[in-house]
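K.L.:
Each of the two chains sits in its own frame; use the hints to bring them together as a complex.
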Amino acid sequence: MIWIDTVLQGILLGGLYALFAAGLSLVFGIMRLVNLAHGDLIVMGAYLILVLVTLLGLPPFAALLIAMPVMFCLGWGLQKFLLNRTLGDDILPPLLVTFGLSVVLQNALLETFSADSQRLPTDALTTASLQVGPIALGVMPLLTFASAVLVIVGLNQLFYRTSLGRAFRATSDDAVTASLMGIRPANIFATATGIALVIVTIAALYLGLRANFDPNIGPARLIYAFEAVIIGGLGSLWGTLAGGIIIGVAQTVGAAVNPEWQILSGHIAFLIVLLVRPRGLFPRAND
Amino acid sequence: MALLQTSGLTAGYGDFQALFGVNIELGEAETVAIIGANGAGKTTLMRSIAGVLRNETSSVRFDGADIGTLTADEIVTRGVAMVPEGRRLFPSLSVEENLLIGAYGRRGGGHWTLETIYGLFPILAERRHSPGTALSGGQQQMVAIGRALMSNPRVLLCDEISLGLAPVVIKDIYRAVPAIKAAGASLIVVEQDIAQALAVADRVYCMMEGRITLSGTPDSLSRDAIHDAYFGAGQ
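In order, the protein sequences belong to chains A and B. For the first sequence, my numbering puts the final residue at 287, and the numbers step up evenly by one. For the second sequence, my numbering puts the final residue at 235, and the numbers step up evenly by one.
Read the hints as simulated data drawn from the structure, not as lab findings. Be aware that one or more of the hints could be misleading.
Label pairs and their calculated CB-CB ranges [said to hold, decoys possible]:
id	chain 1	residue 1	chain 2	residue 2	range
1	A	Leu158	B	Gly108	22 to 28 Å
2	A	Leu274	B	Phe16	41 to 47 Å
3	B	Ala134	A	Val104	42 to 48 Å
4	B	Phe231	A	Pro278	47 to 53 Å
5	B	Gly108	A	Val104	43 to 49 Å
Keep in mind that this is a model prediction, so the values were computed, not measured. Yeah, the Cβ is synthetic: ideal placement off N, Cα and C, and Gly gets one too.
For reference, chain B alone in the conformation it holds in the complex (with noise of 0.2 Å):
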């Protein structure tokens, strides 16, 4: 059975609907990527599994049980942590801190602390005191991992972490991602760059205009059926 698992999930913002009946899943240990244009959808998706944005009571599961209508703070205690698109730190908050604001709704221990982050991403041991805003975006965007690992989820959202960043910086982060998975999370990584999604994932969905159009393992998938699944076939 699936660890995490959406089902005909819609979700908009007023009257403007962006996911018309989305279906994923995510295997416990398993690595899915979400690709798609600008948007597609895919935020909005991190943000309702995430539970930013209110669904339908069934239309989430996880670990067996429907979160669909959890808040926020509870669907982090239960263990779904988000990255949120942008980083979004906290600039009255350290670098420690924000990293420490992390376990904040933590349960019991795991393997992530302030110790195995700063062993994971060693620049941030140097920069602790610093606020967490002033640091480069490459930096930042490790932070905003580790705040999110800092609660020990065992489904860890990525929207976006590679948004804006140089690709070695880019390779610096997704360097990260054998650790995450080792210490027991699955992962559901947001990426325009297919290359990149391709590399990490052991499934990818593709979305358009709301609604998932392709889904498989990077092998299995041509370039051409990517192509049209991003950009709408036949166009």
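Isolated chain A (complex conformation) (with noise of 0.2 Å):
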């Protein structure tokens, strides 16, 4: 019984890396870019969140609301005037300047808001439980992963079912031929990227509910995201979900066995999908 609790904690968990992994997977699958600043981006969001609720009283929900157009803002103009400029044949600009971004993001959170460790506050809703039988499952897992369910629904609805969608997906073929179509490039991946910081939003907010944060821990989420994404198959939307599950799993029943494996179990998670199936679990038939 205590390994099917331990199972069911770790998808979860899984629901909260598929969140973190989302938006990275996003905007890989359209601009090829891998923006190395993306766990910076989450830890800022998590600031922004925090300033919201500290300075106007507001609860994280209702602060999210507030922090979603504002990163959506953040993200239309950072690839409109940043990393746009980056994009090209060569994959090397893009990585050194989100790397370069991902520093800049740190030390500037570090200067306005110190090294010490911050969590948004909680209420009864974050520590309430359910009882599924013998199970008890936190309240704020389950939001974290029904959050996790509907974006990858909500991203795909988009990708599938309108316009905007068809554009996403003709650029990411052909940008050349989409200008052609009356489309521009560089406004999509804006948009693109303003869409990616909106769901970075959303696994800010869980991330500052269910845990401390400090500016220093964005490396870490980027890389469960980025494996994540590995494992599911780049650019595949619900192979990042089963990505993020599957880190998720890795890490609890790691840590059921011995608490010092939880985050190494993870990486060798990571590495036997890697060895087993390179492209990943779902690999998009066209790359």
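P.N.:
Put into structure tokens, the structure is as follows:
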């Protein structure tokens, strides 16, 4: 029974990792851009929510509603005025620029908020749990997982049911031909990064409610997100959810065997998948 | 006054110059063919007009405005659409989605909708949910033409639409030209097949090494004149 409990907790934790990863997966899928500042943007989102909660006295979920459009605009501008200039045949410039951005963000957060760890204020809801038979499931992990599934369903609807989604896929296939259709790739990329940062903000809320954060934890979130994306297959959104779940389950099972093995077993699961399926579980056909 | 005009158009890729002062004109409701051997600069000319390559601002005029420095997305919104060489369908999109994306930059209505495109090429209605790239070459070319028409262009640039297709399929595709003209579009057709070009066009330009070497109506051009313009005189 304890093993079922452990695996279930791992699946729910995977929801959080999938939220970390969904924005990364979206941006990579559309413009083949690996954003090394992704983890730091999550941490920045958490601080933004914290500021809104502290200054305006809002509950965290209300602060999220304000933070999302702010982060969308930030992502739009970041892509339009900085990252679009790095895109091209060479994959090195975007890596270097986003790595630099990661360093800048960490130090700016350190300067502004100090190295003290923070967390978002919790209330009765965040500590409540549901009794399912003999197993207790936290309401907050359940909400996190449900949000992850909703985000992935929403992104799939956007991709396959809307005009914007068609433009995303067409631009990803062939940006020059897309421009012949009246699409401006620079704006499509900016919108994609804006949406990615909206997802980042949702991830930041659950990160801040679940545990402490400080300006330096971004790179580790990036690694979990990156592993989830790779396990799932680059550019596959459902694969990203599966990847998050695999890392989450590996971590909780590892921790149940020996608490020192939690992080390590997540990485080992990632390496095993890489060995067996180098292109991930659900690779896109036309890459 | 010409609907579309290039004057002294030069273009190239990096250090390589492909066009040396090209002047062509396209009138309202006219069909112009551009013929020439491989490497003559036909595709570069199409890409320059469509805005894939940037030019001097006054080197391309459309509908009384200089459009030489506009980007491709701005030019298609103004009413110049291109069927690119090699069809260039989007592999992630179905046939119908490929057509729908052609209307992305469209402003206002017009003759061409999904229904009228399916009327023009009925086979596409049957294959509407297939991936665009699962179709035969001729069907893919129909999708590429339909996709460009979905913007309801006033000028349609067709770059080598018969390339690599069987003669019977080429005939099928060129059968659509009268309907396209009737819907109000003027055409520039780039062709390697001289007979096809002479059959469809009101006027013909022949290109060689980045320059226009001959122009006129199909009746006024002798085979020898075309031969010389195509391969270079006296060689």
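K.L.:
Is 43 to 49 Å respected by the C-beta to C-beta distance linking glycine 108(B) and valine 104(A)?
P.N.:
holds, 45 Å
K.L.:
Measuring from beta carbon to beta carbon, are leucine 158(A) and glycine 108(B) in 22 to 28 Å?
P.N.:
The hinted range 22 to 28 Å holds for leucine 158(A) and glycine 108(B), with Cβ atoms some 26 Å apart.
K.L.:
Please check whether alanine 134(B) and valine 104(A) have a Cβ separation lying inside 42 to 48 Å.
P.N.:
Cβ of alanine 134(B) to Cβ of valine 104(A): about 46 Å, so the range 42 to 48 Å holds.
K.L.:
Can you tell me whether the CB distance of phenylalanine 231(B) to proline 278(A) sits inside 47 to 53 Å?
P.N.:
Given range 47 to 53 Å: holds, Cβ gap about 52 Å.
K.L.:
Could you check the hint for me, namely that leucine 274(A) and phenylalanine 16(B) are 41 to 47 Å apart, CB to CB?
P.N.:
Roughly 42 Å apart at Cβ, these two residues keep to the hinted range, so it holds.
Figure legend: structure checked against the earlier numbered hints; every hint is met.
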